[in-house]
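Colleague: Here are the chains, one letter per residue:
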Amino acid sequence: MSTSTQQPSTGSDAPVSAPPPGGHRTLPTWVTWAVFAAAAVVAAGIALVTSWNIVLFVIYTVVLGTVANYVLSRAVEGHRKATDRLVTCLVGCAFGIALVPLLSLVYEVVRRGAERFDGEFFSASLVGVIGEGGGAYHALMGTLIITLLTTLISVPIGLMTAIYLVEYGTGRLKKSITFLVDVMTGIPSIVAGLFAYALFVLVFGPGVRLGIMGAVALSVLMIPVVVRSCEEVLKLVPNELREAAYALGVPKWRTILKVVIPTSIAGLGTGITLAIARVVGETAPLLITVGITNAMNFNAFDGRMATLPVYAYYQLTQPGVPPQFAIDRAWTAALLLIILVMALNVVARLISRFFAPKTGR
Amino acid sequence: MTTTSAPPANPRPKRRPGDRIFAGSAKGAGILILLILAGVAIFLVTESFPALTAPAEDVPGGEGLASYIGPLIFGTLMAATIALLVATPLAVAIALFITYYAPRRIAAGLGYLIDLLAAVPSIVYGFWGIAWFAPRLVPFYQWLEENLGFIPLFAGPASATGRTMLTIGLVLAVMILPIISAISREVFSQVPSLHREAALALGATRWEMIKMAVLPYGKSGIIGGAMLGLGRALGETMAVAIILSGSAAGITWALISSANPQTIAANIALQFPESTGLAVNTLIASGLALFVITLLVNMLARWVVNRRADFSGAN
Amino acid sequence: MAKRIDVSDLDIYYGNFKAVEGVNVSIEPRSITALIGPSGCGKSTFLRSLNRMHEVIPGARVEGKVVIDGQDLYGADIDPVDVRRQIGMVFQRPNPFPTMSIYDNVVAGVRLNSARMKKSDMDDLVERSLKGANLWTEVKDRLNRPGSGLSGGQQQRLCIARAIAVQPEVLLMDEPCSALDPISTLAIEDLMTELKEQFTIVIVTHNMQQAARVSESTGFFNLNGVGQPGRLIEFNPTEKIFSNPDQKATEDYISGRFG
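Protein chains in written order, with the working numbering: chain E, 1 to 361; chain W, 362 to 676; chain V, 677 to 935.
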């Protein structure tokens, strides 16, 4: 990674190979890159000789480049500068390493998912499909329905709780709710699913699978996220606006509804959209509460439903014979999930841009 | 300071019905959250009760609840520990890179890029892990077996598919990376510039400045963030379920063989859809164990993070 | 419309901390009363207790009486919300509602209370209030623009228009000019002298020239030391306070020999 050097490189002036007697010399910036490039070439050579593998190639490059840079810098610039350079390399490499999964994941999902990203995928269910064809229309609708129900449950509870914490809460109740919301953010998603199952079993008996169960399970995961983000946003509303409304003889509840919430609507919208994005790809709770079906079922209160993540899971892990068709469908469903999540993220950003209070001219 | 023990002069002010209803429902929503959390605990206990009291031979595996859940807990802790060991240094380095090394103009964008890792659904990580990541780790595992096989952790035979405990640990590390780095970034950006400038004024290099001023200040924040990441890793389900499906080897330290212990969450996801009767109760009991473990880890993490918040307020 | 305010033995607390002690004062209708004193002496707290705004802060309460036209503001059956409709307030920093247009800001008091009003009446009210606040000519062509787009001085006059649109009897002003430039300050001061024809005005100010310029009576608040409650040291006609105050402390403060 690039580091600032006190001394501008003069291009033709090659780095000195031995430390001068007095003060230390500084290496020009391009040397760092050159060393890494050389390391990459050597690493490619090693990887080709043994067996070509991208992971090994990256590891060789990083290790060789860093070591070479350290040794060179230590020889030219001295101990302290060399350590500084070493850390700069390490820190930059760490960032680069983190990008590897991100890029490879997106690439892989798009490449494999594009295979079946067609009209039939969005219009057909899996009824009567053996092998080729078939789609995820039923699963997409199931995901939309259950996500909508989850939002309808979570937003009122989450928003009202945030309002309580910011506008009304005092003392121990406020403290314990804040703490427990924090704790709730950490509930594993599978445990939320078990909770919904255990709750509905009491009423409907063992083996029950309903769309609404999934919505309840997802709500357990979504509510704390909504509370957290709404709380942050409501806190940003200046107290002066509340006081202005009170001074006009407006009761507190109307002040909250008509002044506080409209002022923070952009932030609330963004927070809620991101919370939806967080639960839309949840799989585990739906796997054990909603199950899977091949047919259309748009009634969340009657029997199993298909949802995209669970659909993707079963198509990948139980593809049937021949497996390739189902596996293709699974990847397309995964691609669709990523698109959904990213679209929600983009929408969240747009909301915060367009609904922010206008500052006039 | 003038204090008074006299009772408040004005009685409780009269409140309008609108205010009463609104304040009441806000408070009700808050209390509902307490009830939900209590409900999670109570229902899990109720539904796992049959498994707790059942005779040992009726529990799946036939040797009682403890020997059923034990290996699962082991597997869960093992996977989460690997993830934590890999992710924490990486995340701290990334946070340092974004806050102190990257050019100011693109720093926010780079942070957003890392946050994207958190937005990817966990099932997609499973897809990626099994199809892209695991096969590419196979040569690396073979190398480990040949050269470090004498260490029990890397005992062979190395898996030919790459679907191993170490793979899981690495995938989980990627998943918790954004959590730890987000919190570390927040802490690092709060380091008072006075501290940093003082270090730089003494002639420190950038790394010495970070070592002297940034890391000591951010230590408890990093610890708290790492523990939140640990909590997430413990409960992670789908990626593990996809990558480790079909192997349930009990307690083993071998990280790169094809025989691996299962984690609690993945085991539930894999077994639940086909289970009935006592098997369901047993799975719920294991879920209860997971709930308790994550609860403790998260409470500890929050405590550490909040304590830091108290301290930084005093500065 | 304007009413007389009688305050007797008023103590104001924040939790267990006594912020203001033993205030007795009578404020005349259709006049401007200025409250001066060093920072933290409780004059703003006292002002906010006159329309029960201080209750917004948790733990704040008062002992004693504030009587407006024979009615105790702190009586058991009095709703603070009604009190605030009778007694308007203008704050230190202009705080128009950022989500509302200039028009909506003026009628905010009516709208937020969901009172029904005909469109033509509403238009009249906006024009009357903005004229009353000397802002009409400047904004009449852009009533639908956001209120936050105005300059600081215009925003403060918009806030005054908003306060007088609910037709209060008393207008409380908490350092209304401290965030404004001298020209805007002058505009507000002119406005105040016009408004006192209709309203009883109480103003807190750090600017002693301002108190001398606009007010009929002046009250001087002070405290004996940190952690001690503030007291009303002297309340007299403004001329007397600034020429020949009864108290040594008042004279010291006014002549700048304070502390």
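Think of the hints as simulated: they come from the structure by calculation, not from any bench.
Any given hint could be a false lead.
Said to hold, decoys possible - Heads up, simulated EDC-like pairs for lysine to aspartate or glutamate below, C-alpha to C-alpha not over 16 Å straight-line:
{"#": "1", "chain 1": "W", "residue 1": "K572", "chain 2": "E", "residue 2": "D84"}
{"#": "2", "chain 1": "W", "residue 1": "K388", "chain 2": "E", "residue 2": "D84"}
{"#": "3", "chain 1": "V", "residue 1": "K679", "chain 2": "V", "residue 2": "E910"}
{"#": "4", "chain 1": "E", "residue 1": "K258", "chain 2": "V", "residue 2": "D780"}
{"#": "5", "chain 1": "E", "residue 1": "K258", "chain 2": "W", "residue 2": "D380"}
{"#": "6", "chain 1": "E", "residue 1": "K81", "chain 2": "W", "residue 2": "E569"}
{"#": "7", "chain 1": "V", "residue 1": "K872", "chain 2": "V", "residue 2": "D857"}
Claimed, not checked - If you only want the chain W side, here are some residues facing chain E, beta carbon under 10 Å, derived:
{"#": "8", "residue": "A387"}
{"#": "9", "residue": "L393"}
{"#": "10", "residue": "L413"}
{"#": "11", "residue": "P416"}
{"#": "12", "residue": "A417"}
{"#": "13", "residue": "T442"}
{"#": "14", "residue": "L446"}
{"#": "15", "residue": "P450"}
{"#": "16", "residue": "I512"}
{"#": "17", "residue": "L514"}
{"#": "18", "residue": "L561"}
{"#": "19", "residue": "N659"}
We treat Cβ as the ideally placed atom computed from N, Cα and C, and that holds for glycine.
Colleague: Does each hint hold? Answer for all of them.
Modeller: Hint check:
no. : hint            : in the structure
1   : W:K572 - E:D84  : holds, 11 Å
2   : W:K388 - E:D84  : violated, 54 Å
3   : V:K679 - V:E910 : violated, 22 Å
4   : E:K258 - V:D780 : holds, 12 Å
5   : E:K258 - W:D380 : holds, 13 Å
6   : E:K81 - W:E569  : holds, 10 Å
7   : V:K872 - V:D857 : violated, 23 Å
8   : A387            : holds, 4 Å
9   : L393            : holds, 6 Å
10  : L413            : violated, 14 Å
11  : P416            : violated, 20 Å
12  : A417            : violated, 22 Å
13  : T442            : violated, 16 Å
14  : L446            : violated, 14 Å
15  : P450            : holds, 8 Å
16  : I512            : violated, 19 Å
17  : L514            : violated, 18 Å
18  : L561            : violated, 12 Å
19  : N659            : holds, 3 Å
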